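J.: Chains D and A, in that order, give the protein sequences.
The opening position of the first sequence corresponds to residue 16 in the numbering used here, with each subsequent residue numbered one higher.
The opening position of the second sequence corresponds to residue 2 in the numbering used here, with each subsequent residue numbered one higher.
If you are wondering where the hints come from, they were derived from the structure by calculation, not from laboratory data.
Treat each hint with caution, since some may be false.
[What the hints assert, rightly or not] List of simulated lysine-lysine pairs, DSS-like, C-alpha gap at most 30 Å: (1) A/Lys51 - D/Lys90; (2) A/Lys144 - A/Lys68; (3) A/Lys10 - D/Lys34; (4) D/Lys90 - A/Lys163; (5) D/Lys90 - A/Lys144; (6) A/Lys68 - D/Lys90; (7) A/Lys154 - A/Lys123; (8) A/Lys144 - A/Lys10; (9) A/Lys10 - D/Lys43; (10) A/Lys10 - A/Lys33; (11) A/Lys157 - D/Lys90; (12) A/Lys104 - A/Lys61; (13) A/Lys163 - A/Lys61; (14) A/Lys144 - A/Lys157; (15) D/Lys39 - D/Lys187; (16) A/Lys141 - A/Lys68; (17) D/Lys39 - D/Lys22; (18) D/Lys22 - A/Lys10; (19) D/Lys43 - D/Lys22; (20) D/Lys39 - A/Lys144; (21) A/Lys144 - A/Lys51; (22) D/Lys90 - A/Lys151; (23) D/Lys42 - A/Lys10; (24) A/Lys163 - A/Lys33.
Bear in mind the structure is a predicted one, so any value in this text is a computation, not a measurement.
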Amino acid sequence: MATLGEKFFAWFDERFNLKEDLRKILKKPVPPYATHPMYCLGGISFLCYLVLVVTGILLARYYIPTPEEAYSSVKFIMQEVTFGSLFRSIHHWAANMMIAAVVLHMFRVYLTGAFKKPRELNWIAGVALLLTTLIFGFSGYLLPWDQLSYWATTVGLQIPASIPVLGPAILKIFIGGAEVGAETLARFYFLHVFLLPMIVFMLLGMHFFMVRRQGISEPL
Amino acid sequence: MNKQTTRRKFLFGFIGAAFAVYITGPLAMMLKFLWPPRKAGEEATVVIAKASEVPVGSAKEKWQFEKFPAILIHNEEGFRAFAVKCTHLGCTAQWRVEYGGYKRPVLFCPCHDGIFDTKTGKVLAGPPPAALPEIQLEEKDGKIIAVRWKDLKYVKTLDVYKT
């Protein structure tokens, strides 16, 4: 007597022959040492990312990336839209949590020596993910377009601008003009909702593929 | 195979049902989020009552317009509607056929003895600083419908009507 779920799966299995492949992917045992909380930080980062994707898609429904409308649309989300303040707050806190989790994940990997051969490339993918996460946070911070975010961006952009030789060019690409303005807002919005999600998606694919192929490194 | 429910199947069904309940809440909230909220000043029709239910000289209380308590009044000149959140400190003014020296219907706020006129909403006595805002009415198929604020700009000047 097959349950509804089993019948549903059987329909796909009959056509795509999934059973064997799925068994390999889903039934792979987690090594006992990897159930320690310190080994969950990567998964927590990913969970935060999923929460951010869902709440971010919702917020994009009301947010308007122009200097005239940005602040008032955020205010509209916070004060008028049903559950608006809830979803924006979840987005805000999940972003903070994600950066904390990603940094702690890096510490765990570093301190357990998990970056050593054969996992060098996965470490590099992880560092790229850390940097994208930070740029994610930085670009999202400008979007409410209030005094805090405006000056945080103006000051924060001085960090890449201080890089020798390349600094001024990087600043110009981010800022899109003489100073932080409508162009910058449009560029940060594009980064935040289009480019960075795609980059993170690709890097995560590589990150997960490599950890599956190479296994989770054993503790010291 | 017999059709007996095994413990495994029962537990899976139980967990599935719990999960369905668990996931429905957030999904409903997301749908509610995506539903565009009305912007202030947009029409917010409320069907108040059938015209025949409110004879001349009476009023219908206990309904809301834009989340504010409101009253429908029928006098010899016709139907009128006001929001009855007192402009003083926000108590709800009530319909009184007679009150004190007034031998005609008035709107009476019990908190600090504010008294409003039933035809214009203006302050007759007491501490309220401003008149009650009037609501535009329409009559359709024998029903009285509240449509919009008669003077939205005026409503926005009232402290107790800030949302």
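J.: Against each hint, give a clear statement of whether it holds in the structure.
T.: Against the structure, the hints come out as follows:
At roughly 39 Å between alpha-carbon atoms, A/Lys51 and D/Lys90 are farther apart than 30 Å, so this suggested pair is violated. Restraint check: the Cα-Cα separation between A/Lys144 and A/Lys68 comes to about 21 Å, which is no more than 30 Å; the hinted pair holds. At roughly 21 Å between alpha-carbon atoms, A/Lys10 and D/Lys34 fall within 30 Å of each other, so this suggested pair holds. Under the criterion of a C-alpha separation no larger than 30 Å, the hint pairing D/Lys90 with A/Lys163 is consistent with the structure, at around 15 Å.
At most 30 Å may separate the alpha-carbon atoms for a hinted pair to count; D/Lys90 and A/Lys144 exceed this at roughly 37 Å. Annotation: proposed proximity of A/Lys68 to D/Lys90 holds, straight-line Cα distance about 20 Å (limit 30 Å). Straight-line distance between C-alpha atoms of A/Lys154 and A/Lys123 comes to about 17 Å, which keeps the hinted pair within the 30 Å bound. Restraint check for A/Lys144 and A/Lys10: the C-alpha separation of about 55 Å exceeds 30 Å, so the hint is violated.
With a CA separation close to 24 Å, the supplied pair A/Lys10 and D/Lys43 stays within the 30 Å bound. In summary, the hint linking A/Lys10 to A/Lys33 is not supported, as the alpha carbons are separated by about 34 Å, beyond the 30 Å threshold. For a cut-off of 30 Å, the pair hint linking A/Lys157 to D/Lys90 stands: about 18 Å separates their Cα positions. The straight-line distance between the Cα atoms of A/Lys104 and A/Lys61 is roughly 20 Å, inside the 30 Å bound, and the hint therefore holds.
For the hint linking A/Lys163 to A/Lys61, the alpha-carbon distance of about 24 Å falls within 30 Å, and the restraint holds. Restraint check: the Cα-Cα separation between A/Lys144 and A/Lys157 comes to about 28 Å, which is no more than 30 Å; the hinted pair holds. With a CA separation close to 48 Å, the supplied pair D/Lys39 and D/Lys187 exceeds the 30 Å bound. Between A/Lys141 and A/Lys68 the CA atoms are separated by roughly 23 Å; this keeps the pair inside 30 Å, and the hint holds.
Under the criterion of a C-alpha separation no larger than 30 Å, the hint pairing D/Lys39 with D/Lys22 is consistent with the structure, at around 21 Å. Only pairs whose Cα atoms come within 30 Å are accepted, and D/Lys22 paired with A/Lys10 is accepted, the gap being roughly 14 Å. Under the criterion of a C-alpha separation no larger than 30 Å, the hint pairing D/Lys43 with D/Lys22 is consistent with the structure, at around 24 Å. Of the pairs offered as hints, the one joining D/Lys39 and A/Lys144 is violated, with about 67 Å between alpha carbons and a cut-off of 30 Å exceeded.
About 4 Å separates the Cα atoms of A/Lys144 and A/Lys51, which keeps this hinted pair within 30 Å; it holds. The hinted pair formed by D/Lys90 and A/Lys151 meets the criterion: a straight-line CA distance of about 27 Å does not exceed 30 Å. With a CA separation close to 20 Å, the supplied pair D/Lys42 and A/Lys10 stays within the 30 Å bound. A distance of roughly 23 Å separates the Cα atoms of A/Lys163 and A/Lys33; the hinted pair therefore holds under the 30 Å criterion.
When each numbered hint is compared with the structure, violations occur for hints 1, 5, 8, 10, 15, 20.
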